[in-house]
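Please put together the full structure from these sequences, using the hints given.
If you're matching them up, the sequences are chains R and Y in order.
The letter at position 354 of the first sequence is residue 1676 when you use our numbering, and the numbering goes up by one with no holes.
The letter at position 298 of the second sequence is residue 1669 when you use our numbering, and the numbering goes up by one with no holes.
Hints were generated in silico from the structure; no laboratory data involved.
Please note: incorrect hints may appear among the correct ones.
[To be verified] Covered stretches of chain Y (in silico footprint by chain R; criterion: 3 or more residues with CB under 8 Å from a CB of chain R, positions within the stretch not fixed):
| no. | region |
| --- | --- |
| 1 | 1396-1410 |
| 2 | 1443-1450 |
| 3 | 1597-1604 |
[What the hints assert, rightly or not] No farther apart than 20 Å at their CA atoms in a straight line, the calculated lysine to aspartate or glutamate pairs in the EDC-like style are these:
| no. | chain 1 | residue 1 | chain 2 | residue 2 |
| --- | --- | --- | --- | --- |
| 4 | Y | Lys1598 | Y | Glu1587 |
| 5 | Y | Lys1391 | R | Asp1378 |
| 6 | R | Lys1634 | R | Glu1741 |
| 7 | Y | Lys1403 | R | Glu1741 |
| 8 | Y | Lys1403 | R | Glu1348 |
| 9 | R | Lys1634 | Y | Glu1436 |
| 10 | R | Lys1630 | Y | Glu1437 |
| 11 | Y | Lys1559 | R | Glu1348 |
| 12 | Y | Lys1598 | R | Glu1741 |
| 13 | Y | Lys1599 | R | Glu1741 |
| 14 | Y | Lys1713 | Y | Asp1673 |
| 15 | Y | Lys1525 | Y | Asp1561 |
| 16 | R | Lys1627 | Y | Glu1436 |
| 17 | R | Lys1633 | Y | Glu1436 |
| 18 | R | Lys1627 | Y | Glu1437 |
| 19 | Y | Lys1599 | R | Asp1457 |
| 20 | Y | Lys1391 | R | Glu1349 |
| 21 | R | Lys1633 | R | Glu1559 |
| 22 | R | Lys1633 | R | Asp1605 |
| 23 | R | Lys1627 | Y | Glu1435 |
| 24 | Y | Lys1598 | R | Asp1457 |
| 25 | Y | Lys1568 | Y | Asp1526 |
| 26 | Y | Lys1403 | R | Glu1346 |
| 27 | Y | Lys1559 | R | Glu1349 |
| 28 | R | Lys1695 | R | Asp1605 |
| 29 | R | Lys1627 | R | Glu1600 |
Because the structure is a prediction, the values reported are computed rather than measured.
Note that beta-carbon positions come from the ideal geometry of N, C-alpha and C, so glycine has one too.
Take a look at the letters that make up each chain.
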Amino acid sequence: MKPAESTRPKPGAAGGAPGAPRGESEELISGSEAIAHACRLADVDVITAYPIRPYDTVMQYVSQMISNGEFDCEYIVAESEHSQFEVVKHASAVGARVFTGSSGVGWLYAFEPLAVTAGLRLPMVAMVGNRALDDPGAFGVEHNDALAVRDLGWMLNWVDTAQEALDTALIAYRVAEDPRVFLPCAISCDGAFLTHSQSIVHVPSQEAVRAFLPPYNRGDKQLHPDNPITIAPQVNEDWLMEIRRQNDAAMRRAREVIMEAYVEFHAKFGRGEEPFIERYMMDDAEVALVGMGTLAMPVKVAVRKLRKEGKKVGFVRVRWFRPFPTPELQAALAGVRAVGVIDRDYGYGSAFHAGVLANDLRSALYPLERRPKILSFIAGLGGREVSSENVMDIVTRVFRAGEGKGSGDQETTWIGVRE
Amino acid sequence: MSTSTVEIIYRGVFQKTLAKNICRGVVLAARKEGKIGLAFGRYSDSPERNGIPAKQFAVVAHTEEELQEFLSRYEPDNNDITIVTDDTLCKGAESWSWNGLQPVNTMLKPGGTLLVASMQSHDDLVKDIHRRDHPYHLAVVKGSTSFSGMFVYKDDHTDVRLLGALASLAPHVVGLGAVTEAIREQWKSDLKVDSAKRASDLIRSLPIRPGQGNPETPHAFELPGWKKMGEGLAIPGIPVREHPHGWDGGFVPGRSPTFKKFSTRTQRPVVNFDTCKKCTLCWLQCPDSSFNIAADGLYDPDLEACCGCGVCEAVCPVAGCVTMVREEVFQDNQSQWQRWSKDKAGYKALLAGWTAHHEARSHGYHHRGQYAEEIANETR
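Rendered as structure tokens:
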């Protein structure tokens, strides 16, 4: 049993990962800085900003790059998140490649433009520095902010390292701007653990990125005096359902485009071989854990410890939440007895009071002939550390459920809360 | 094969760049030795507040898997080295975002090294540092407190001197060769490389025995469980204490018993009660309501509430009545007024001693220039 091949660079490989294209530089940077590098490499035309931590760290790095003359773009600091997202929405309509982002309640303040961007089929790429939805001023990570738009036509993904943040941002442009898709995409980065920690990242060259990422071309949908069109006129019940169905079809097509983009990315950069999910020690796993974002780290540490004790446990990290990787998750989890889903979010009042990922996963696995038991765990809210001991506790419960013992799969357990 | 961690405790905002340079220096040097690393700050300290104790960390590992343990943590708790960039922090650190005073050696592993930038002797520092059950080492890089903050970088070589000392004290974390290579690459300065080498040569550490040090029990706070907490985020106010000692007994405002502020302080006000005119200005202008009114109407700074901003000194109209004095001179937070009322002559002598340590600067690290001269002095 070997862990899945790491997609991150090996140490000591000065000047780039083995087999990596020439011109990659090695930098000690944070996840936010990695996103800023992706914007520079993608040669984004318009960026808007409004400060809220942890997203504001991206603003810092973007503005630094502009003032250092390393990056040329329209950089607009708006007077609110609502305007911030409106500005890039319109810029995207005229054919500009755009980037923006926010965190927590800032992201929710932009809800009106967030909702209509997908409807207008504008390929905005945003970074959500995941943050608790406040009160009282909490700024640690929770995933409910990005998840709030999960059914509105945004593609959503979660990354777990600064390297993956950079790579996924480049892939996001390629997917979002594909005419088969033309949907916005948000890259979620866990506040603190990803946005504020610096690790070694391989930064590709502009030339390599240019070869991977074609220019944004809206074709006959570009708002331009030479192409007189109207975007978003008034429609009512006689039109709207067809428009929604088009969006639905675009989201369905996104799967294929995402897979193509990863194949191409892997061929060019040597990273990112598995698009939708990461399978860790799953080959002979009897029980599995599922989660998103940086909590993958303590989970992997715990899985390795448990494997040494002979416990057959594996882990599936969900990279893309929308489109939801239903076939991949069905394939990965069909053979296990029980699944423990660790949500860094909450779903108050939902089925079994479970987390958002747990509920979606339960839906995805329901049609299976042999359904594993699914247990929901809420952990790490507001940025509370999820320790490998917490994960061991979860795994014990999942094994018991797999044996038909314990509290079963119709309850949700909060891990690491003070009773 | 194991992971090593370095913790840096520094003054928020004023020393942010200094801490960052040290953390990045450790990770970049480790890279030169073929290891990998991670540099991060304690998220809950940020956005930083002026002078309030904050932390940054560097983790050095041999493999990706070892490093994973730290990729989702706020604070490593078993550090090989703890670096303290301002010696007044040796009295303990209370972050702005939590409750309780954390001794600077709390997260140091048994047998680890506490490395302090200071002009004080080992013996003087040990009096401030809370005692532990385990032995550890104390090392001092001689130097006045450095100011390399968010807005100004006073390039006095404190960052590279601490890196050089670290390489000598903990070569298993990073060796001097790698440190100097990383410094040359980052700063392209032979002078900075020389400073690191000199610090590495000069650094000596002393063993500290279990139980040796400050016997005080640091103030702590017990976090309640969710069933005990009141709902709806309604926090009871601290009761207003109306004349707690009777009408003629002076006045002590209600203060939080668990959130104090004194670890933010690098200077404290000392009051010459013999010259005070009771004009009320210090009491009125203090942003933290730190002044108690004594029974005789004099104003006595509560040194657990005072964060050392120096506003009282600035507004006092009487020359020499309120004087800001370097915090390192003091071992406790006793009431000055009580000392004065018990023994006026004795207090006068104390005051004369204290005010000899007056520093002509306002709150924090307002630096008034002279960089070139100081750098020349410290690198000579």
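Earlier hints that do not hold, by number: 4, 6, 7 and 21
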